[in-house]
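Peer 1: Based on the hints, put chain B with the ligands in the right spot on chain A.
Residues per chain, in single letters:
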Amino acid sequence: MVNDHTILPLTLQEIMVKRRGKHILGPVSLTLQGTGISVVVGPNGGGKTTLLRAMHGLDRISAGHKAWAVSDAQAHVAQSFVFQAPIMMRRNVRDNIAYPLVLRGVNRRDARAAADVWAARVGLGSAVLRAATVLSGGEKQKLALARALVTAPQVLFLDEPCANLDGHATQEIEAILHAACADGTRIVMSTHDLGQARRLADEVLFVHAGQVVEILPAAAFFAGPASAQAAAFLNGDLVL
Amino acid sequence: MSDIADGFATAARLVVSLDAELIEITLRSLYVTLSATAVASVIGLPLGAWLAITRFPGRRYVIAMLNALMGLPPVVVGLIVYIMLSRSGPFGVLGLLFTPTAMIIAQVIIITPLVASIAHQAMRELWADYHDLLISLHASRRQRIATLVWDGRRTLLTAQLAGFGRGIGEVGAIMIVGGNIDNATRVLTTAISLETGRGEFALALALGFILIGLAVVVNLCIHVLSRTEQGSRW
Ligand SMILES: Nc1ncnc2c1ncn2[C@@H]1O[C@H](COP(=O)(O)OP(=O)(O)O)[C@@H](O)[C@H]1O
Ligand SMILES: [Mg+2]
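For the record, the sequence lines run as chains A and B.
The opening residue of the first sequence carries number 12 in our numbering; numbering runs sequentially from there.
The opening residue of the second sequence carries number 32 in our numbering; numbering runs sequentially from there.
Treat the hints loosely; a few may be bogus.
Each pair of labels, with its calculated beta carbon distance range [what the hints assert, rightly or not]: (1) A:G134 x B:A159: 53 to 61 angstroms; (2) A:T22 x B:L100: 22 to 30 angstroms; (3) A:G47 x B:H169: 38 to 46 angstroms.
Residues of chain B placed beyond 10 angstroms of chain A at every Cβ, according to the derived structure [as the list claims (entries may be wrong)]: (4) L164; (5) T178; (6) S224.
Computed, partial: chain A to chain B, Cβ under 8 angstroms [claimed, not checked]: (7) H67; (8) L69; (9) K77; (10) H87; (11) F92; (12) F94; (13) I98; (14) M100; (15) R102; (16) P111; (17) L114.
Since the hints were derived computationally from the structure, they do not count as laboratory data.
Cβ atoms here follow ideal geometry from the backbone N, Cα and C, with glycine treated the same way.
Isolated chain A (complex conformation):
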């Protein structure tokens, strides 16, 4: 599963995304490289989700150019995406986590063994035989994380992974993300929780009105963002 080649950098040149004939993102140009955690912040409806989906290849870009350092096919197997509302397959926890491996042709027994390892790592070790659909919100998101990490991705996208979770579950998820980052996984996640951004971010992308308004190292961003909109956002003011 692990690619020999590093798929980064990801280069976006003037990409745009349209939905039902309406521009909702772009033009965006940026380069994603290096290591660590990039956090996408900005007001609701600004385009955070759309940006992540476009990077991962879930939403078609209508204009511009997107390229990984390797072919799209190679790049794809080295990425995972965790959705804001975790998608629970109607299977037990073990088979949910094993599913991406099975899709890639790993035999079922090895896939399940790997799933058990990851279930234990995210704290679901005693729940492997439970139906995924009856888990609590925090457990579902941990399952989604395990399922994303079981393929040992080089790049992990997460869309507001802790929305609607309590503090305890959020803390557990953040610990898993820290560990994944330490293992060398490049993480790109969105959040509207500035506290979470402060705790996790090495780099901040501020997205507003379909534009990536600025990209700064986290320390610099929180010390004083360049744009008036980002300053207003950090202040808790309405961003216009």
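Peer 2: For chain B with the ligands alone, kept in the frame of chain A given last:
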């Protein structure tokens, strides 16, 4: 009132004594409708899944057609199959008219749209749930269908049940293409129809109770089967 009481009494006697004719008729009913359900499943379940996840021009019309076919009057299906299989029809040489095979063919035509339509509905909901995940994981078309069919197997079982239910109680088509021939094509529904026509209400009722009991037992069996296989609720 006494007709119903007689019906119960006769039914009980027939069942307890394992009446040979009754068992033969019941087994033939099961054979015809289970075969038809199996064939309808092989066609209808993948068709429903495929319609749920594939976009192609005219897809809406195929779905509308499927829903319209669900309402096909069995008598008309029987008539058309009869014409096709009759000596002068295109498939006359096969000599299938008035055989259980003809009855199975007619029931497949009646049941398949129902099975496909329910499967389509179920698969569409599941596909809406799974869509982003399966796209993100780059599942191939075959893998998508396999995943939806496997994870939706309970609802697909429901589709099969509905198909079986429609078939086991159907009389119009199998009467025409089967002919209700004693020892050859007589099944529960056609036998009931015959006995009622003869004024043998007690026997007709007895057969009716058996038909209902059969439907209940098969439903329970499948229900229990899916329970033990799953072990937990979704
Ligand atoms: N399916 C859709 N159809 C039309 N517009 C959409 C759709 N999804 C999102 N949008 C619009 O795209 C914009 C960006 O949305 P999104 O990326 O979800 O923002 P965020 O994640 O920052 O809240 C919003 O204006 C939203 O209304
Ligand atoms: Mg969003």
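Peer 1: So is B:T178 really clear of chain A, every C-beta pair being over 10 angstroms apart?
Peer 2: violated, 8 angstroms
Peer 1: Say whether it holds or is violated: B:L164 keeps its Cβ farther than 10 angstroms from all Cβ of chain A.
Peer 2: violated, 4 angstroms
Peer 1: Indicate whether the distance between the beta carbons of A:G47 and B:H169 respects the range 38 to 46 angstroms.
Peer 2: violated, 26 angstroms
Peer 1: For B:S224, is the shortest CB-to-CB distance to chain A above 10 angstroms, so the non-interface label stands?
Peer 2: Given a closest Cβ separation of 42 angstroms, the condition holds.
Peer 1: Would you say the C-beta atoms of A:T22 and B:L100 sit inside 22 to 30 angstroms of each other?
Peer 2: Cβ of A:T22 to Cβ of B:L100: about 52 angstroms, so the range 22 to 30 angstroms is violated.
Peer 1: Does the CB of A:M100 sit less than 8 angstroms away from some CB of chain B?
Peer 2: holds, 6 angstroms
Peer 1: Have a go at the A:H87 hint: is there a Cβ in chain B nearer than 8 angstroms to its own Cβ?
Peer 2: holds, 6 angstroms
Peer 1: At a threshold of 8 angstroms, is the proposed contact between A:H67 and chain B supported by beta-carbon distances?
Peer 2: holds, 7 angstroms
Peer 1: Mind checking the CB of A:I98 against every CB in chain B and telling me if the closest is under 8 angstroms?
Peer 2: holds, 4 angstroms
Peer 1: Would you say the C-beta atoms of A:G134 and B:A159 sit inside 53 to 61 angstroms of each other?
Peer 2: violated, 30 angstroms
Peer 1: Checking hints one by one. Is A:R102 an interface residue toward chain B, by the C-beta closer than 8 angstroms rule?
Peer 2: Check passed: Cβ of A:R102 comes within 6 angstroms of chain B, closer than 8 angstroms.
Peer 1: Do the numbers back the hint for A:L114, that is, is its least Cβ distance to chain B under 8 angstroms?
Peer 2: Hint holds; A:L114 Cβ to chain B Cβ min 6 angstroms, cut 8 angstroms.
In the structure shown, a violation is registered for the earlier hints numbered 1, 2, 3, 4, 5 and 9, in ascending order.
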